[in-house]
Amino acid sequence: MTKYILKRFLGMIPTLLIITTVAFIIMRIAPGGPFDRERAIPPAVQANIEAKYHLDEPLIKQYFRYLGGIIRGDFGPSYKYKDQTVTDLISNSLPHSLLLGTLALMAATFFGVLAGIIAALNQNTWLDYTAMSIAVFGVSVPAFVIGPVLMLIFAMKLKILPTSGWITGPDGWKTVLMPLIALSMSYFASIARLSRSSVLEVIRSDYVRTAKAKGLSPTMIILKHVLKGAMLPVVSYLGIAYSGIITGSVVIEQIFRIPGLGRFFVQSSLNRDYTMIMGVIIVYSTVVILMNFLVDILYSFLDPRISYQ
Amino acid sequence: MENKTILEVKDLKTYFRTDAGIVKAVDGVSFRLDKGETLGLVGESGSGKSVTNMSIMKLIPMPPGKIVGGEVLLDGVDILKLNEKEMSRIRGNRISMIFQDPMTALNPYLRISTQLIETIRLHQGLDKAEARKKAIEMLKLVGIPAAERRIDAYPHQFSGGMRQRVMIAIALSCNPEILIADEPTTALDVTIQAQILDLIKDLSEKLETAVIMITHDLGVVAGMCDNVCVMYAGRIVERAPVDDLFESPKHPYTNGLIQSIPRLDEKGSGRLFSIDGQPPNVIDLPECCPFHPRCEKAMDVCTRKYPPVVSLEGKREVACWLYEENK
Ligand SMILES: Nc1ncnc2c1ncn2[C@@H]1O[C@H](COP(=O)(O)OP(=O)(O)O)[C@@H](O)[C@H]1O
Ligand code: SF4
Ligand SMILES: [Mg+2]
Numbered sequence: 004m005t006k007y008i009l010k011r012f013l014g015m016i017p018t019l020l021i022i023t024t025v026a027f028i029i030m031r032i033a034p035g036g037p038f039d040r041e042r043a044i045p046p047a048v049q050a051n052i053e054a055k056y057h058l059d060e061p062l063i064k065q066y067f068r069y070l071g072g073i074i075r076g077d078f079g080p081s082y083k084y085k086d087q088t089v090t091d092l093i094s095n096s097l098p099h100s101l102l103l104g105t106l107a108l109m110a111a112t113f114f115g116v117l118a119g120i121i122a123a124l125n126q127n128t129w130l131d132y133t134a135m136s137i138a139v140f141g142v143s144v145p146a147f148v149i150g151p152v153l154m155l156i157f158a159m160k161l162k163i164l165p166t167s168g169w170i171t172g173p174d175g176w177k178t179v180l181m182p183l184i185a186l187s188m189s190y191f192a193s194i195a196r197l198s199r200s201s202v203l204e205v206i207r208s209d210y211v212r213t214a215k216a217k218g219l220s221p222t223m224i225i226l227k228h229v230l231k232g233a234m235l236p237v238v239s240y241l242g243i244a245y246s247g248i249i250t251g252s253v254v255i256e257q258i259f260r261i262p263g264l265g266r267f268f269v270q271s272s273l274n275r276d277y278t279m280i281m282g283v284i285i286v287y288s289t290v291v292i293l294m295n296f297l298v299d300i301l302y303s304f305l306d307p308r309i310s311y312q
Numbered sequence: 020m021e022n023k024t025i026l027e028v029k030d031l032k033t034y035f036r037t038d039a040g041i042v043k044a045v046d047g048v049s050f051r052l053d054k055g056e057t058l059g060l061v062g063e064s065g066s067g068k069s070v071t072n073m074s075i076m077k078l079i080p081m082p083p084g085k086i087v088g089g090e091v092l093l094d095g096v097d098i099l100k101l102n103e104k105e106m107s108r109i110r111g112n113r114i115s116m117i118f119q120d121p122m123t124a125l126n127p128y129l130r131i132s133t134q135l136i137e138t139i140r141l142h143q144g145l146d147k148a149e150a151r152k153k154a155i156e157m158l159k160l161v162g163i164p165a166a167e168r169r170i171d172a173y174p175h176q177f178s179g180g181m182r183q184r185v186m187i188a189i190a191l192s193c194n195p196e197i198l199i200a201d202e203p204t205t206a207l208d209v210t211i212q213a214q215i216l217d218l219i220k221d222l223s224e225k226l227e228t229a230v231i232m233i234t235h236d237l238g239v240v241a242g243m244c245d246n247v248c249v250m251y252a253g254r255i256v257e258r259a260p261v262d263d264l265f266e267s268p269k270h271p272y273t274n275g276l277i278q279s280i281p282r283l284d285e286k287g288s289g290r291l292f293s294i295d296g297q298p299p300n301v302i303d304l305p306e307c308c309p310f311h312p313r314c315e316k317a318m319d320v321c322t323r324k325y326p327p328v329v330s331l332e333g334k335r336e337v338a339c340w341l342y343e344e345n346k
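In order, the protein sequence lines correspond to chains A and B. Residue numbers 4 to 312, in the working numbering, belong to the letters of the first sequence in order. Residue numbers 20 to 346, in the working numbering, belong to the letters of the second sequence in order.
Okay, chain A solo, but in the shape it has when bound:
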């Protein structure tokens, strides 16, 4: 088992290396540079700046310089936010994004699974129809619509939630609610539908029939025999869900003015802030790959048929 985990862990390195390399290449191929201006600047100044950021070096040398930096946790200076390193910018903003993303994943999973199970166990009753109607709504309405609508209702009309601000102040938790709902809604919906169909499938399985024939009570059958098997598809979906949540959080952070990594995603691209874009891409990729790694490990714990070879 330990060997399997170690192997899967080391397996992430090549993936990250490839992502970094591709991002680096695309960045340099794309037209325009960080210091291009409408008005021409004197060649001497231009040369000075380029030398400062090592942009005058051969590409291959820049590449290895960059890789070397990353290994030391140094993503280089930001071209736009002078005086700040990319590493600083990221480490100040990433925790906010991770907090929001992780809360969203947890909420989506918890309530999604709960709704899915309730719907499945009460198939074709009003409970089922209600849960699934909410799910259809959640899947079809995008986060950037839900966000403003929530804000309109709860912050502006009812005035029970703050319009902006992020986890500071006495009512800090209140500021989390709307972004959380907006971000997790569609994943809640997908997980609810997935859990429902998966529970229904397991309930009809031969081994649940066996459990009934053994005389187990319905509660015992659900808890001991249905849930484990039914949750496997949900677990394997969590990796995808987290990638989606992380990407979705770019929009949500803009809407609710959350000081997360998301806002740099767009801004630094517009600014052609090479190092910042690279940093953001690499950090996002790492988060997503790491999440998938954790999901795989969790899955192999749940399903004994997975061999650790």
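Derived by calculation from the structure, the hints in this document are not laboratory data. C-beta: ideal position from N, C-alpha, C; glycine also. Among the clues, some could well be false.
As the list claims (entries may be wrong) - Output of the computed footprint for chain B on chain A, the stretches with three or more beta carbons under 8 Å from beta carbons of chain B:
1) 202 to 210
2) 280 to 286
Unchecked claim - Simulated DEER-style distance windows between Cβ atoms:
3) A:T128 <-> B:M318: 48 to 56 Å
4) A:L9 <-> B:R108: 47 to 55 Å
5) A:Y7 <-> B:P260: 27 to 35 Å
Stated by the list, open to error - Below, a list of computed lysine to aspartate or glutamate pairs in the DMTMM-like style, where the Cα atoms sit at most 20 Å apart:
6) B:K77 <-> A:D209
7) B:K54 <-> B:D94
8) A:K227 <-> B:E103
9) A:K227 <-> A:E204
10) B:K32 <-> B:D97
11) B:K153 <-> B:E196
12) A:K227 <-> B:E306
13) A:K231 <-> B:E306
14) B:K316 <-> B:D295
15) B:K23 <-> B:D245
16) B:K77 <-> B:D38
17) A:K227 <-> B:D171
18) B:K316 <-> B:D303
Dock chain B with the ligands against chain A, hints included.
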């Protein structure tokens, strides 16, 4: 041993409501099972064997299914009238089942020990350690080598035959009065089939368990059963002691089944005999002998009325117009 009836099924009817109409899967089945007896229930696929036995266990999915009539008397008590809680004290305890596919009948995510021990603890009120001891004993009894170690394995670590042995261990762990074996060897290799049948035979004798052996294979019945019921289209068409049935089948359908058994001793006779035609659709079946389209001896009356059950000599019964004097 005295012939005390342990289970009596009377005029059992189980229907399914489907889009195509009402499926009369079981339509008036009656039989008796004595203590320690092994009763064969034979018939083509779809004749209602499984539904009969799932009805006895009250495990018919409702909806679409419904037990619309009849009685199932276990030791004189009609268990169809029991509530779920009372029923769950019978399932796995007084009546156990094993199923066709041992690959899917065990929960792949739980250890064998968990699946065995939960049954033992549920019905026998033993503590964990005692139940585990009993579980290991059961695994040894069904012939699992190194039971102390293998008990903590998962089902996928066992072969099909070994899994069916585990199923048998679970089924017999609470010493039930009745074991229902629904095609227990159909999914297994031929070589393994005989071993599993022998095991069921040995253990049921040893533990004095009555067995209902469901199969579409008369070969299985020959080696195992005391009496046989032949099912066709949701009803029992013939009932006889096993040797008599093979020696002189009365119902034309039984005769067809026996002739279609492949025989090792008759070489080179070419094509296997098989009954021509399809089993009937049990939806909206008109009043008739459902076998008449496939029956060589069909008469006019067969197309108009269901034949009455006729008692013959030697505890035999047959539902066929050929044996009715006043048609
Ligand atoms: N859940 C169900 N819904 C509808 N029809 C069913 C259901 N289960 C069984 N049947 C029907 O009942 C009939 C008898 O089935 P079954 O008892 O499984 O036959 P077998 O003799 O092969 O065990 C078949 O026609 C089958 O289609
Ligand atoms: S009742 Fe008629 S059709 Fe049916 S088996 Fe007997 S002879 Fe054949
Ligand atoms: Mg069957």
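Exercise. If you check each hint against the structure, which ones fail?
Worked result: Going through the list in order, the structure violates hints 2, 5, 12, 13, 16 and 18 and respects the others.
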